[in-house]
Amino acid sequence: MAEISLSHTFKGHSDKCWSTSVHKKYPLLASVSSDKTCRLYNLNTKQLIAILDDDTHSKAVRTVDWKPTGDFPSLAVGSFDSTISIWGREDEDGDEMEISVTAATASGSEWSLMAVIEGHENEVKAVSWSCDGEYLASCSRDKSVWLWETDEANEEFECINVIQDHSQDVKHVVWHPFTKFLATSSYDDTIRLYKQDSYDYDDWINVAVLTGHQGTVWHSDFEKIDPDQGIRLCSGSDDETVRIWKRVSGAELSKQKNGEAIPSVVREDSHSDEWVEEAMLPKVHTGPVYSVSWNKNGLIASASADGRIVVYEETAKGVWRVVAVKETTHGIFEVNSIEWWSSPDGEMLVSAGDDGNVNLWSLSL
Amino acid sequence: MSGDIINANPTVLDVSQLPTRREKYTKESAKGGQSDILLLNNLLSLSLLTPSGDLNENKAGQVTPPELTDDETEAEEEEAEDPIDAQEIYDLISSISDPEHPLTLGQLAVVNLNDITVTDPRDPTKIGEVLIKITPTITHCSLATLIGLGIRVRLERSLPPRLRIKILLKEGSHQSENQVNKQLNDKERVCAACENEQLLKVITHMLSTCI
Numbered sequence: 007m008a009e010i011s012l013s014h015t016f017k018g019h020s021d022k023c024w025s026t027s028v029h030k031k032y033p034l035l036a037s038v039s040s041d042k043t044c045r046l047y048n049l050n051t052k053q054l055i056a057i058l059d060d061d062t063h064s065k066a067v068r069t070v071d072w073k074p075t076g077d078f079p080s081l082a083v084g085s086f087d088s089t090i091s092i093w094g095r096e097d098e099d100g101d102e103m104e105i106s107v108t109a110a111t112a113s114g115s116e117w118s119l120m121a122v123i124e125g126h127e128n129e130v131k132a133v134s135w136s137c138d139g140e141y142l143a144s145c146s147r148d149k150s151v152w153l154w155e156t157d158e159a160n161e162e163f164e165c166i167n168v169i170q171d172h173s174q175d176v177k178h179v180v181w182h183p184f185t186k187f188l189a190t191s192s193y194d195d196t197i198r199l200y201k202q203d204s205y206d207y208d209d210w211i212n213v214a215v216l217t218g219h220q221g222t223v224w225h226s227d228f229e230k231i232d233p234d235q236g237i238r239l240c241s242g243s244d245d246e247t248v249r250i251w252k253r254v255s256g257a258e259l260s261k262q263k264n265g266e267a268i269p270s271v272v273r274e275d276s277h278s279d280e281w282v283e284e285a286m287l288p289k290v291h292t293g294p295v296y297s298v299s300w301n302k303n304g305l306i307a308s309a310s311a312d313g314r315i316v317v318y319e320e321t322a323k324g325v326w327r328v329v330a331v332k333e334t335t336h337g338i339f340e341v342n343s344i345e346w347w348s349s350p351d352g353e354m355l356v357s358a359g360d361d362g363n364v365n366l367w368s369l370s371l
Numbered sequence: 664m665s666g667d668i669i670n671a672n673p674t675v676l677d678v679s680q681l682p683t684r685r686e687k688y689t690k691e692s693a694k695g696g697q698s699d700i701l702l703l704n705n706l707l708s709l710s711l712l713t714p715s716g717d718l719n720e721n722k723a724g725q726v727t728p729p730e731l732t733d734d735e736t737e738a739e740e741e742e743a744e745d746p747i748d749a750q751e752i753y754d755l756i757s758s759i760s761d762p763e764h765p766l767t768l769g770q771l772a773v774v775n776l777n778d779i780t781v782t783d784p785r786d787p788t789k790i791g792e793v794l795i796k797i798t799p800t801i802t803h804c805s806l807a808t809l810i811g812l813g814i815r816v817r818l819e820r821s822l823p824p825r826l827r828i829k830i831l832l833k834e835g836s837h838q839s840e841n842q843v844n845k846q847l848n849d850k851e852r853v854c855a856a857c858e859n860e861q862l863l864k865v866i867t868h869m870l871s872t873c874i
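Chain order of the listed sequences is P and Y.
By the count of my numbering, the first sequence reaches residue 371 at its end, each step adding exactly one.
By the count of my numbering, the second sequence reaches residue 874 at its end, each step adding exactly one.
One thing to keep in mind: the hints can contain errors.
[Stated by the list, open to error] DSS-like, lysine-lysine: derived pairs with alpha carbons at most 30 Å apart:
id : chain 1 : residue 1 : chain 2 : residue 2
1  : P       : K252      : Y       : K845
2  : P       : K65       : P       : K17
3  : P       : K252      : P       : K65
4  : Y       : K833      : Y       : K850
5  : P       : K323      : Y       : K829
6  : P       : K149      : Y       : K789
7  : P       : K65       : P       : K52
8  : P       : K289      : Y       : K833
9  : Y       : K833      : P       : K17
10 : Y       : K845      : P       : K149
If you're looking for bench data, these hints aren't it; they were derived computationally from the structure.
Being a predicted model, the structure only gives us computed values, none of them experimental.
Starting from the given sequences, assemble the full structure and let the hints guide the process.
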């Protein structure tokens with residue numbers, strides 16, 4: 007068995023920490039909490055960069071996601087107050103991030119509120135940026151998923167679609183890392199998958215409904231491989247299981263090349279994919295699985311109300327084994343979120359718990 | 664609450680009928696056959712050995728622990744030698760007021776001592792569970808969710824965070840049993856509900872009869 011060991015604890019939130027986001031390019035970590043704030047850290051120096059808390063949100067801040075593109079770092083923050091706020095460092099030149107992070111640590115005031123997006127009727131549960139930064143997806147207890155189109159500078163957010171297919175709260179939304187493909191998880195125990203229509207870009211087609219979980223699906227994450235090699239999704243549920251879903255047939259998906267979407271050549275007859283439940287990961291958790299994360303090396307990590315973090319490895323296609331288990335990762339508190347970070351020293355894990363802490367873990371395989 | 668009363672004529676228990684530590688002690692002693700177990704429990708509670716296994720009614724004859732106070736430091740200090748049992752949970756929630764009647768959840772038999780299960784590892788570093796099955800006064804009670812939420816808020820404020828609270832409707836006691844159960848144990852929904860000022864006001868009122 008591999009060893010998961012604590013590398014650092016980021017303290018500061020005064021209430022439950024719900025979620026984290028690690029920037030794709032820069033060593034930036036964002037964490038959000040019931041204390042209504044979002045905290046930004048430098049993952050290399052472990053220093054606090056900023057606290058985004060100027061009364062923008064009146065209720066718990068539930069979700070955060072760094073935009074993967076842009077000349078300067080920016081992020082979306084979703085709250086139980088039904089709104090989403092967009093923050094950024096407009097004066098930033100991305101190439102000089104190392105220097106600027108140090109500068110930001112000193113002042114902490116250079117992060118500005120760029121936009122507040124309203125539309126959802128009640129609690130926003132998750133936000134996610136598409137791989138090209140063109141779209142922001144959000145979901146809510148109001149059972150809907152909203153898709154917002156935006157520009158490089160986050161100047162405008164236009165709602166291009168409202169998806170209302172789930173019969174209950176939509177708990178989570180996540181984009182595929184390389185294509186315009188979207189997974190939504192719900193309190194109705196299902197996962198739905200959407201792809202962009204090749205002809206009408208504002209139209210999104212529900213290509214599959216994944217059923218099998220025996221409780222709320224809290225979270226899902228795509229495998230980090232080229233979609234041409236197949237698409238798989240892992241999901242964590244209130245039923246205490248983690249499952250792997252596989253797309254076994256479906257139309258070719260448009261791929262991102264140089265930031266431009268290339269429509270698939272042939273318009274498919276059927277607007278549906280065939281998906282199967284490929285595997286249920288070995289059961290370790292004894293509480294709801296609130297979060298799952300699939301890293302670029304193919305490892306999956308899961309986190310649960312039982313306080314455990316578990317790492318799984320695929321030994322043969324569809325066959326998984328547990329490679330590491332860490333108990334009481336946030337003391338006796340529940341763990342709400344788990345995420346991989348490709349650090350300079352290798353793959354690390356970032357977890358967030360009800361103790362308000364964000365823990366950074368190293369994994370020795 | 665406005666509108667029609669949902670259950671206008673509920674069965675009401677006399678306060679003196681409600682279970683307390685004192686009452687159980689005398690009742691069980693009187694049963695004769697139970698007295699050996701009770702004696703054993705008393706001996707165990709006096710010794711340094713901690714009795715293993717789940718807490719159940721038979722062990723309730725131990726020395727009465729003091730009321731859990733809001734003073735967290737005090738509660739933490741006493742945690743190690745002072746395990747939480749079903750009677751203590753009952754004491755915390757039976758005095759909650761029904762949102763509809765001027766009566767407590769204990770008097771209405773919405774909460775019952777026998778429907779409380781505590782799995783306490785008696786170790787401050789380990790996670791335990793408190794399972795409460797509530798019995799709404801009528802099977803279509805639309806206030807079941809609110810009552811459950813009131814119980815959850817009361818316990819979250821009073822119990823150490825290492826105890827996970829699970830609240831279920833007693834099997835067959837409600838026509839939307841699964842829906843209510845799902846809501847009452849959904850962490851996000853509970854957190855959001857606790858940020859809803861109107862709802863919190865109602866719950867505060869329900870908890871105002873708690874000691």
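Quick one: which hint numbers does this structure break? Sort them smallest to largest. 3, 5, 6 and 9
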